[in-house]
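A.B. asks: Chain residues, written in single-letter form:
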Amino acid sequence: MRMEIRDVITGNDAAAWGARLSRVEVIAAYPITPQTTIVEKLSEWVDKGEFDARFIAVESEHSAMSAIIGASAAGARAFTATSSQGLLYMMEMVSWAAGARTPVVTAIVNRALGPPWNIWTDQTDALMARDAGWIQFWASNNQEVLDSIIQAYRVAEDKHVILPAMVMLGGFVLSHTAMPVVIHDQEKVDEYLPPYDPPHYVLNPKISKPFAYGNILFPWDYAKVRLAIQKAMENAVDVIKKAAKEFHEIFGIWHGDLIKEAYTDGAEIVIMGLGEVAEQAEATVEHLRQNGLKVGVVKVRVTRPFPKREIAKIADNVSHVIVIDRNISFGWGGILAGEVKATLHEYNVDTPVTAKIMGIGGDDILPEHIEKIVKELIK
Amino acid sequence: MDMPAKEMEEHLLLPISLPTKGAGGKTGSWRVFRPVIIEEKCVKCMMCWMYCPEAAIEVKSRKEVPKINYDYCKGCLICMEVCPVKAIKSEREG
Amino acid sequence: MSKTLLDELIEAGEYVLPGTTACPGCGSSLALRYVLKALGKDTILVIPACCASVYQAIYPKVAFNVITYNVAFASAAAVASGVRQALDYKGYEDVNVVVWGGDGGLIDIGAATVSGAAERNENIFVICYDNEAYMNTGIQRSGSTPPGARTTTTPLGKVVGFKKPMAFLMLLHGVPYVATANIAYPTDLYEKVKKGKAVKGFKFIHIFSPCPPGWRFDDSKTIEVARLAVETGYWILWEGRNVEGKIEFKLSPQSKPYLDPSKRKPIEEFLKYQGRFRGFKEESIRRIKEWMNIQWNLVKSMLRLSEEK
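Chains as they are written, first to last, in numbering that gives the first Met the number 0: chain E, 0 to 378; chain R, 0 to 93; chain Z, 0 to 308.
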C-alpha cells in the first residue's frame, strides 16, 4: 500500500481494512450474520497472499475468543469478529480476555438476540458485555469503523492499559451499507500504531523464564489483581483521548474521543445515543436547528470506560437530556439511559432525563420519530 | 523479556506465579506413615524414584542409594509397593 | 530397561517440583513428570480447569517449572491453537505447545474444542490424564466414567452410558499420532511423548491415571491398579498414525498378549481393588465386559486396516 484509497465500501469491509491496516497477525474466524463478510474478506486477502496473517477457522465462537487469547498471550496482535448469539456464546472467554490482560480487538456487528431469530440490528448484545472489562467503542459510520479498530489497538496495547477492546457497528445499517471511506496509507498507520510489544508477560520459553498465569489464589490477592483492571480502565480515559487526538493529527479525521458533540453550542436539549443512533439523531438535529430549535447531539462513542465527567458537564449546561436506546435491560429499561441517569446523580446534576427505547430488533429509527420526541418535550 | 512483569504498577498487577519447590508448603506434614529405605537391601534399580508422584525422591546418579526428601514426601508409600527387593519399610510418623 | 534410557530419564531433570498440592499417590502428577521429561524446557502447558490447575499450588508460587497458562474449562485446545499460530507466525516453530487436562475438560466439555483442533491438524499435543470422573470437583461422573462406577452423581453406579473411546475418535480425525498410555508404564509414556514430539501436526495421548480418593483405594496402590487395568485387558496400550490416508495401528508390547482373551486376568481382579465398584452388580460387570469387547473389536479392526495394502 503506497497511498490511501478512496472507495465506497460496507462497514464490514471497513472493519476488515481496519484489521488489515493494523497488521493483525492472528485472526480467528467463525461465521455469523451479519458479521461474516468481515472474516470472509480477511480470508480472501490471506489466501491470495495479499495479507500476511494466520487465519484459524475455529469450530465455535467460544473457540474464536479462546484462540485469540492464546495468540495474544504468545505475543501476537490478534483479531476476531462476531455478533449477537456468537458474542453470548463466547461470553465466558470475553470475560477471560480481560482477566488474562490480552489486548485483542474484536469487531461486534450488533444484532438482535433470539429467540425468535432476528438478524437485524440491536445494541443489547454488546451492552451485555459491558461488565466484562473490555474497552467499548461504538462506530456511527463506516469511516469510524475502520478508524476505531486502529485506535482500539493503539489504546488496548498502551502499557498503561493492556485491556481488550471491542468496536461496535450496527448490523446491516453499517455492516452492509456502502459509504465513502478513506482507506489509509499503510505507512501512515504504521506511524500511528507501532508493533505489539507485550510489557507484561509472553507465552514463549525462548523469551521468558518459566511462570504460571492465573493459578488459584486467595480472595485478598484476587481483589488486588482484579481491581487492577479497574485501574487500567481509569488510565484508559486519558489514553483514549490522546489516541484520538494523535489520530486527528496524522490522518486529519476526528470522530470524537469518548464522546462527540454536535450542535451543542447554546443547546437547551441534548440527545444522546450510541453508534448509528447518534448519527441518525445528528441528521435530525441538523434539520431542527435550521428551524430554530436549540437541540444538540452527544454521540457516546465509548461506553467503557464510561465518559462520566464529559456527560455530566454537558448535561449540566442544558435543560433536558433525551437518551435513545436501541437496546433494553429487561426489568430496568434502556441501558445507556440508566448509565446516564446514574452519572448525573453521581455528579449532582439534576437535569431531567427522558429515556426512549427505539429501533429494537432493527426496526427503523427515522428522523420523524426523533423529531416527534423533541417536539413533545418542548411542549 | 527475561521475567514476566509480576510487580508492575497498580494497573498491571498480574496473577503470575513463579516455580518454587514446596509451592504447596511443606507437604511432608501430610504424612501418617513415612517410607524408609533400608540401604543395605537397596539394589539401586531406581524404581522408587521412577514411581514417586511427587518427585520427592532424589537421585543424583545410579551409583547411590536414592534419597527421600522428607520435607515433601506425602507418605503415599508407592515406593514401598514398587520396590522389587522390599528395601523400603514404613514407619508411623510421630 | 536399558542403562541409557534410565540415565536419560535421570538427566532430564524434574519439571514437576515437589510440594505440589496433589493428593498422595496421584496418578496425574506422576504422568506429568514423564511428559515434561520428554518435552523439555521449551514447552508451554495450557491447562483447563482440572486437578492439575489446582495441584500446581497457590499464587504466588507454582509447582511446575515450565510456562503454564491456566484457561477456562472448555477452551484449552483452542487457546493452544492460538498460541501455536502466534508462535509459528513469529518463527518459534520448535516450542512445544501442550494441552494438559483431565477427562472432564478434554472429553466432555472440551470435546468439540479438541475435535476442532484435531480436524485443523494444529501442531499441538493434547494429553489427557483420565481419572474417569470430574475429580477436581469431588468425584462426579463424566463421559469417561466406566459402567458400574460409583460417583457422587451415579451413587448406585453408572447405569446409563459407556466410556467415550476418545483416543479412537482422535485417530479417526486423520491426525498423525495418537497413543494410549498408563502410569504403570512410565517409560512407555515417555517414549510415546517423544515420538509425538518428532511429528508435526496434532498429537493426542490418553493416559490411564488412577485416582486414590476418587476410585477409593489406598494411596500406595496406584501403580498396582494401573497395571491391573492393562493385565485384565480393560486399558489397552496402542499407537496409531494416519500416514498418507492410511491408518497404521500398533498394539504396544505390554498389551499385545491380551489380544488373546484367555491371557487376560479376570476383570474382577481390577474391580475388586476399587471402592467405587464395591457391591457391584452383575449387570455392571456385564456392561464393562461388553464395553471391553467393543474396544478390543476396534483394536482388531484397526489392526486389520493397518495390514491392508
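Calculated from the structure, these hints are not laboratory results. Accuracy of the hints is not assured; some may be wrong.
To be verified - Some chain R residues near chain E, calculated using beta-carbon distances under 10 Å: (1) Pro3; (2) Glu8; (3) His10; (4) Leu11; (5) Pro14; (6) Ser16; (7) Leu17; (8) Gly21; (9) Gly24; (10) Val42; (11) Met45; (12) Val58.
Note that CB positions come from ideal geometry on N, CA and C, so glycine has one too.
A.B. asks: Now, for every hint given, state plainly whether the structure supports it.
C.D. replies: We went through each hint and held it up to the structure:
1. Pro3: It holds, given that the least Cβ distance between R/Pro3 and chain E is near 4 Å, below 10 Å.
2. Glu8: With Cβ-Cβ at 8 Å, under 10 Å, it holds.
3. His10: holds, 4 Å
4. Leu11: Holds, about 6 Å.
5. Pro14: holds, 5 Å
6. Ser16: Holds: closest Cβ of chain E sits about 4 Å from R/Ser16, inside 10 Å.
7. Leu17: Holds, about 6 Å.
8. Gly21: Violated. Min distance 15 Å.
9. Gly24: violated, 13 Å
10. Val42: At about 35 Å, which exceeds the 10 Å cut-off, the nearest Cβ of chain E leaves the hint on R/Val42 violated.
11. Met45: Cβ of R/Met45 sits 26 Å from chain E, so the hint is violated.
12. Val58: violated, 22 Å
Figure legend: structure checked against the earlier numbered hints; hints not met, in rising order: 8, 9, 10, 11, 12.
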